[in-house]
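S.K.: The lines below spell out each chain.
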Amino acid sequence: MQTVTQTIQSVPLNHYILFSAIIFAIGVIGVLIRRNAIVIFMSVELMLNAVNVLLAAFSVYHNDASGQVFVFFIMALAAAEVAVGLAIIVMIYRNTHSTDINVLNKLKW
Amino acid sequence: MINLVWLVPLFPLIGFLINGLVRNVLPKGLVGFIGSFSVLLSFCVSVGIFVELNNSDVKSFIIPLFDWIQVGSLSIPFSFQVDPLSSLMLLIVTGIGFLIHVYSIGYMHSDAGFAKFFSYLNLFVFFMLLLVLGSNYVVMFIGWEGVGLCSYLLIGFWFTNSSYASAAKKAFVMNRIGDLGFLIAVFLIYSTFGSVEFSNIFPQAANFTDAYLRLPGMKLGILTAITLLLFVGATGKSAQIPLFTWLPDAMAGPTPVSALIHAATMVTAGIYMIARSNVLFTLAPLTLDVVAIIGLATAILAATIALTQTDIKKVLAYSTVSQLGYMFLGLGVGAYTGAFFHLITHAFFKALLFLGAGSVIHAMSNEQDMRSMGGLKKKLPITFLTMLVGTIAIAGLPPFSGFFSKDEILAHVYEHNKVLWAIGVIGAMFTAFYMLRMLFLTFYGNFRGTIEQESHLHESPKSMTIPLIVLAILSIIGGFIGIPEVLGGKHWLAEFLTPVFSPSYAITTTPVMDHATEYTLMVVSIVGVLLAITIAYLRYIKRKHVPVSGESVERGFLAKLSYHKYYIDELYDALIGRPLNALSRFFYKIMDKSIIDGLVNGSGKAAVETSKGFRLLQTGNIGFYIFMMVFGVIALLVYGYYYGFIIFD
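Keeping their order, the protein sequence lines are chains H and Y.
Okay, so the first sequence: first residue is 1 according to the numbering used here, each after it adds one.
Okay, so the second sequence: first residue is 1 according to the numbering used here, each after it adds one.
Calculated from the structure, these hints are not laboratory results.
The structure presented is a predicted model; accordingly, all values stated were derived computationally and were not measured.
For each residue, glycine too, the CB sits at the ideal point set by N, CA and C.
Honestly, I wouldn't trust all of these hints.
Claimed, not checked - Only part of the chain Y face toward chain H is listed, based on derived beta-carbon distances under 8 Å: (1) N366; (2) Q618; (3) G620; (4) N621; (5) G623; (6) I626; (7) F627; (8) M628; (9) V630.
Required output: the full structure, derived from the provided sequences and hints.
M.R.: Quick look at the structure:
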């Protein structure tokens, strides 16, 4: 029975990096091109989790647990962010009956 | 007593502080008492110092108070010098100052700024005493500036009248020009002698006769440069050509101020300073000639202006300028004792004349024009008698004080240069004429003022007449301190001042005059004065001539020149005032308004305009913001990758 460490190390590091980069890029593109605030949130989560995967992978390869500690921090932060962000989105929806971010363009010169 | 010399300036300073700080609380009587009594105390100390100095064998004391400036090799102690010259000045400043303080109690009794006036007067006396006592040029300069400040404050005492306020400004600015000369002279003295202490400079001075100041294109003896600059300072303070025009305007101040500051004490500061630096001046013959010529020119110019003035105080003001000119003439020919002698007697009789004029003005309900006076002899007997004494004293008839001092100066001038002497005697005749003219117009003939003024005529209160009487007595006997040998006197003053002036007399030898010449000179000047008095008598008493009023009257060319003061004010205005104004307007309109304001406003405007462009970036479109953010991050990464500030392993 392989340990979790060995299992993770059975995949080369480059694959993790590439995988994370792809997920991150998908997240970025999602944020850039989608107009629905909820989808943008989901894309942000993708980006955060891409980083989490990468941190976990490096942590294993370097035999250093601090990378995984960071992952927990990021998860807590993401949860808090979602709580506040969804509350805001709910308020926006109540006021504008839409979650389209292009409706919110009043704050300008 | 000499060690207590610091008390002399301290009393007026305390008086100034009390009167200045709690003036709104104190009753008038107490204010007047504090003001006068503080100066009286100083006078008592001064008398003590004088007596002790007179009996002592050592004639020069330096009393250090504290180290004031100690920087590197520069050492300026705050110390006082007591010697015959300064002790005599102490007596004059505090003695006449006290009399004028007493007089002011009566003269200013109904003025709203009574306490302010006394505090200023006390402050003036304090600074004047610093000027006199300072043992170096820097302490002297503090006093020099301080008296200028007080002069400004007191000329503009009734500052609600804008012409009085501008007279004060004029005096201040004119004095500043002179002060600049003084200050540069002090710098030169320090760089030449390495000290500003009188006691260090004067013994060294003889070694510096060959030193030259290299100016572009010329070589000027260092002592000549120093003394010329000191003289520039003196022309400002003592109202000589070309800076004399402030003094007649300074008559805008209350009359006691004119008597104390602009006749007896402050304006003589220039003479005192030159007498103090006599060694330097004696070693610079060129400067002495300049001093003599400027002094004589001023004496004549001011005397001729005084001939036609109709304002009683203006006549006295020009007379002061003229007498100061005589003192400078005396200094210029090396008659330091004579000049200082004239300073003393002039302080007596000119203070007397001004206070008398103040008494007349007081009686006439603030009328100063002699054309509205006349016949005041009966109504103001004490004022008349004392002013008569003053007039004779200044005209120079023996045995009144002015005769001895003026004659001593003229005798020295005769030895020096006979042409200057002749002009000086003519000036003395002018003096006699305009003074008698003033006396006749004011006190003789019929009253020419309004009925209201006539009903109000009264002799002044005791506080004003007693100083007049004391000064009149001093004007009569003041000359006896310097009776020349030829008249059987000992010339006590010359003997007393010898320690101060002996270094100068050691450098130049004065030819001894034989007695016959001296008698002749005296007779000539007395005859001249009597002649002038006779002309004045014939013109103003016999023919009852009264100067016509009005500006449009046709006058002879010379009379017109004199009446309009040779148009000197207009000349200065055209030569200096207006070009300066034009230049200022140019700088204001072109430099300041267009260029500097343009730069400042332009940079502001540029910022606003560019901001207007940049703010369009704030579209309110969240997608755009995010795009810009991502773009920025990518740009940073790319930049970092190629230029290596982010490490990629």
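S.K.: Each hint: holds or not?
M.R.: So, going through the hints one by one against the coordinates:
{"no.": "1", "hint": "N366", "in the structure": "71 Å, violated"}
{"no.": "2", "hint": "Q618", "in the structure": "5 Å, holds"}
{"no.": "3", "hint": "G620", "in the structure": "3 Å, holds"}
{"no.": "4", "hint": "N621", "in the structure": "5 Å, holds"}
{"no.": "5", "hint": "G623", "in the structure": "6 Å, holds"}
{"no.": "6", "hint": "I626", "in the structure": "6 Å, holds"}
{"no.": "7", "hint": "F627", "in the structure": "6 Å, holds"}
{"no.": "8", "hint": "M628", "in the structure": "10 Å, violated"}
{"no.": "9", "hint": "V630", "in the structure": "6 Å, holds"}
When held up to the earlier numbered hints, the structure conflicts with 1, 8 and fits the remainder.
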